[in-house]
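As you go down the protein sequences, you meet chains F and B in turn.
Under our numbering, the first sequence has 294 at position 38, and the numbering climbs by one with no breaks.
Under our numbering, the second sequence has 111 at position 110, and the numbering climbs by one with no breaks.
Treat the hints with care, as some may be off.
[Claimed, not checked] Okay, the calculated bits of chain B under chain F, using three or more residues with CB under 8 Å as the criterion:
# : region
1 : 94–104
2 : 164–173
[To be verified] Now the in silico label distances, taken between C-beta atoms and shown as ranges:
# : chain 1 : residue 1 : chain 2 : residue 2 : range
3 : B       : Ala169    : F       : Ala352    : 36 to 42 Å
4 : F       : Val295    : B       : Gln246    : 25 to 31 Å
5 : F       : Gly303    : B       : Thr75     : 43 to 49 Å
6 : F       : Val392    : B       : Arg230    : 52 to 58 Å
7 : F       : Val512    : B       : Ala245    : 54 to 60 Å
Derived from the structure by calculation, the hints contain no laboratory data.
These figures come from a predicted structure and were not determined experimentally.
Glycine included, every Cβ here is placed at the ideal spot set by N, Cα and C.
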Amino acid sequence: MSAAAPGARTLLPRLTPVRLAVALACAVAAAFVAIPLIVLVTHTSPGALRAALTDPVVLDALRVSLVTTAVSVAVVVLVGTPLATALARGRFPGRAVLDALVGLPLVLPPVVAGLALLLAFSPGGPLGQALRPLGVHVPLTESAVVLAQCFVAGPFYVYAVAAGLSGVDRSIEEVAGTLRAGPWHVFRTVTLPLIRPAVVYGVVLSGARALGEFGATITVAGNLQGRTQTMPTAIYVAFERDPDGAVALAVILAVVSFALLLGVRGLRLARATG
Amino acid sequence: MPCLLLAACGGGTAAGGGSSSQASGSITLFAAASLAKVMPEEISSFEKAHPGISVAGDYEGTQSLLTKLEADGTLADVFVSADSAHMATARSRSLVATPHELATNRLVIAVPPGNPGHIAGLADLARSGVRLSIADRSVPAGSYAEQAFAVAESNHDVPAGFARAALANVATRPTDVETVVADVAAGVVDAGIVYATDARADSRITAIPIAQRDQPPTQYLVAATSQSRQAETAALFVTFLLSAQGQSILAAAGFGGPAPTAQPLGGAPATPSP
Numbered sequence: 257m258s259a260a261a262p263g264a265r266t267l268l269p270r271l272t273p274v275r276l277a278v279a280l281a282c283a284v285a286a287a288f289v290a291i292p293l294i295v296l297v298t299h300t301s302p303g304a305l306r307a308a309l310t311d312p313v314v315l316d317a318l319r320v321s322l323v324t325t326a327v328s329v330a331v332v333v334l335v336g337t338p339l340a341t342a343l344a345r346g347r348f349p350g351r352a353v354l355d356a357l358v359g360l361p362l363v364l365p366p367v368v369a370g371l372a373l374l375l376a377f378s379p380g381g382p383l384g385q386a387l388r389p390l391g392v393h394v395p396l397t398e399s400a401v402v403l404a405q406c407f408v409a410g411p412f413y414v415y416a417v418a419a420g421l422s423g424v425d426r427s428i429e430e431v432a433g434t435l436r437a438g439p440w441h442v443f444r445t446v447t448l449p450l451i452r453p454a455v456v457y458g459v460v461l462s463g464a465r466a467l468g469e470f471g472a473t474i475t476v477a478g479n480l481q482g483r484t485q486t487m488p489t490a491i492y493v494a495f496e497r498d499p500d501g502a503v504a505l506a507v508i509l510a511v512v513s514f515a516l517l518l519g520v521r522g523l524r525l526a527r528a529t530g
Numbered sequence: 002m003p004c005l006l007l008a009a010c011g012g013g014t015a016a017g018g019g020s021s022s023q024a025s026g027s028i029t030l031f032a033a034a035s036l037a038k039v040m041p042e043e044i045s046s047f048e049k050a051h052p053g054i055s056v057a058g059d060y061e062g063t064q065s066l067l068t069k070l071e072a073d074g075t076l077a078d079v080f081v082s083a084d085s086a087h088m089a090t091a092r093s094r095s096l097v098a099t100p101h102e103l104a105t106n107r108l109v110i111a112v113p114p115g116n117p118g119h120i121a122g123l124a125d126l127a128r129s130g131v132r133l134s135i136a137d138r139s140v141p142a143g144s145y146a147e148q149a150f151a152v153a154e155s156n157h158d159v160p161a162g163f164a165r166a167a168l169a170n171v172a173t174r175p176t177d178v179e180t181v182v183a184d185v186a187a188g189v190v191d192a193g194i195v196y197a198t199d200a201r202a203d204s205r206i207t208a209i210p211i212a213q214r215d216q217p218p219t220q221y222l223v224a225a226t227s228q229s230r231q232a233e234t235a236a237l238f239v240t241f242l243l244s245a246q247g248q249s250i251l252a253a254a255g256f257g258g259p260a261p262t263a264q265p266l267g268g269a270p271a272t273p274s275p
């Protein structure tokens with residue numbers, strides 16, 4: 257970070273108005289996120305957490321959430337990487353439109369996204385009609401959960417990777433190209449290592465978004481324990497029946513998400529230092 | 002121009018306040034989701050009869066409304082539940098004044114346009130491959146549906162094992178009956194269990210009746226909340242709902258009147274007691 261003055265790192269930085277303002281902003285941001293979460297944790301008890309962790313409804317919801325999120329991230333990486341490459345590198349008509357279209361789910365309220373997916377994949381909708389001869393029925397199934405997660409979480413990955421790609425010095429790739437390496441070989445051995453932080457960042461962001469997805473999921477995938485009831489859906493349903501149980505569930509989801517974020521961060525650090 | 006509008010508004014409010022000094026201002030109504038279409042009509046008639054009073058309606062699953070009321074008893078001035086159990090809970094926690102029976106309803110099987118699942122009656126809901134939407138167990142409409150399945154089976158109106166097979170066909174358990182209606186209307190399920198009034202209010206769905214003897218005792222109860230800051234206005238609105246005018250609006254929407262006797266179990270001899 258402070259490559260300009262590596263020697264000054266061990267000393268306490270001199271207090272300037274700018275540094276004070278930065279520190280203040282950091283403190284406000286940290287408190288803003290941490291305080292509600294701490295309140296959430298203090299609202300539950302070890303007993304309630306234990307009860308929640310042995311509740312079959314919770315275990316089902318955790319399993320559904322983790323499996324669907326893993327599938328969604330895989331789909332997003334598979335489809336999103338070429339898409340990000342096209343957006344960052346491609347020179348084709350309609351690139352700006354495609355770029356905006358990819359980001360649309362970011363600003364769309366998730367419930368609207370869910371409704372749009374539901375209408376498109378319902379038996380009367382264009383995609384539902386196309387899938388009908390194949391006997392595929394998407395709404396209210398596990399596939400619908402994945403669909404909703406990919407829809408809302410995809411842009412986070414695509415934009416992160418596209419940003420990473422636009423920071424790559426193309427002359428390095430060109431040099432590799434002159435050494436008679438094929439484009440796929442260049443991408444794998446030169447480009448990918450260069451954009452790895454962006455890819456990891458995109459995976460973490462989209463994975464976290466998919467894990468917390470609720471509005472689109474409940475609209476297009478519904479709510480059925482063991483099949484389509486994810487952790488966020490289970491929390492919503494529990495909130496109406498048993499608010500204390502819902503808080504315990506929320507704490508579990510927050511801890512799982514935090515562990516995932518921290519774990520990936522640790523992985524990056526290990527890779528950077530190792 | 003803005004001055005004129007303000008003056009006109011102020012004058013109107015003053016006149017309304019003058020005509021009945023004790024009943025004025027705005028109150029909030031918490032009513033079960035199945036009343037979302039009829040209550041606005043009740044409110045506009047009430048507001049017409051009492052200038053200076055405005056009623057804001059919040060329509061959600063009864064269980065959600067009760068959860069909100071438990072969190073803060075001043076959130077609503079009038080509470081209408083879609084079953085007696087939730088009202089009894091509200092009463093036992095001193096959240097409401099004496100409840101009155103407001104109306105009754107009937108359950109029907111709702112099917113999408115064209116009836117793709119070829120549903121002719123309850124028995125068809127247990128057929129393999131049929132997809133159902135039934136409200137969550139915590140929602141009155143959901144527990145009523147489960148009751149109806151069990152009663153139909155014990156009345157031998159459907160083959161043995163029906164209730165179990167039908168519940169195994171459930172593809173989603175939404176947290177309010179309006180979502181069941183939406184699932185059926187979109188055709189993402191073959192059938193759903195809704196109130197007769199829901200089916201009547203939505204032209205996209207067709208209702209298939211359920212025999213009277215299989216009907217659970219659906220009851221809407223109304224009460225002013227105990228912590229209402231506008232107790233007089235709240236009482237006035239409750240009186241209006243129970244009046245001939247209020248009842249005729251409910252009847253026009255397809256709701257049944259309160260049971261002929263005060264004790265719901267006393268009247269009909271054929272009604273099975275739960």
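- Query: Broken hints, numbered, in rising order?
  - Reply: 1, 3, 4 and 5
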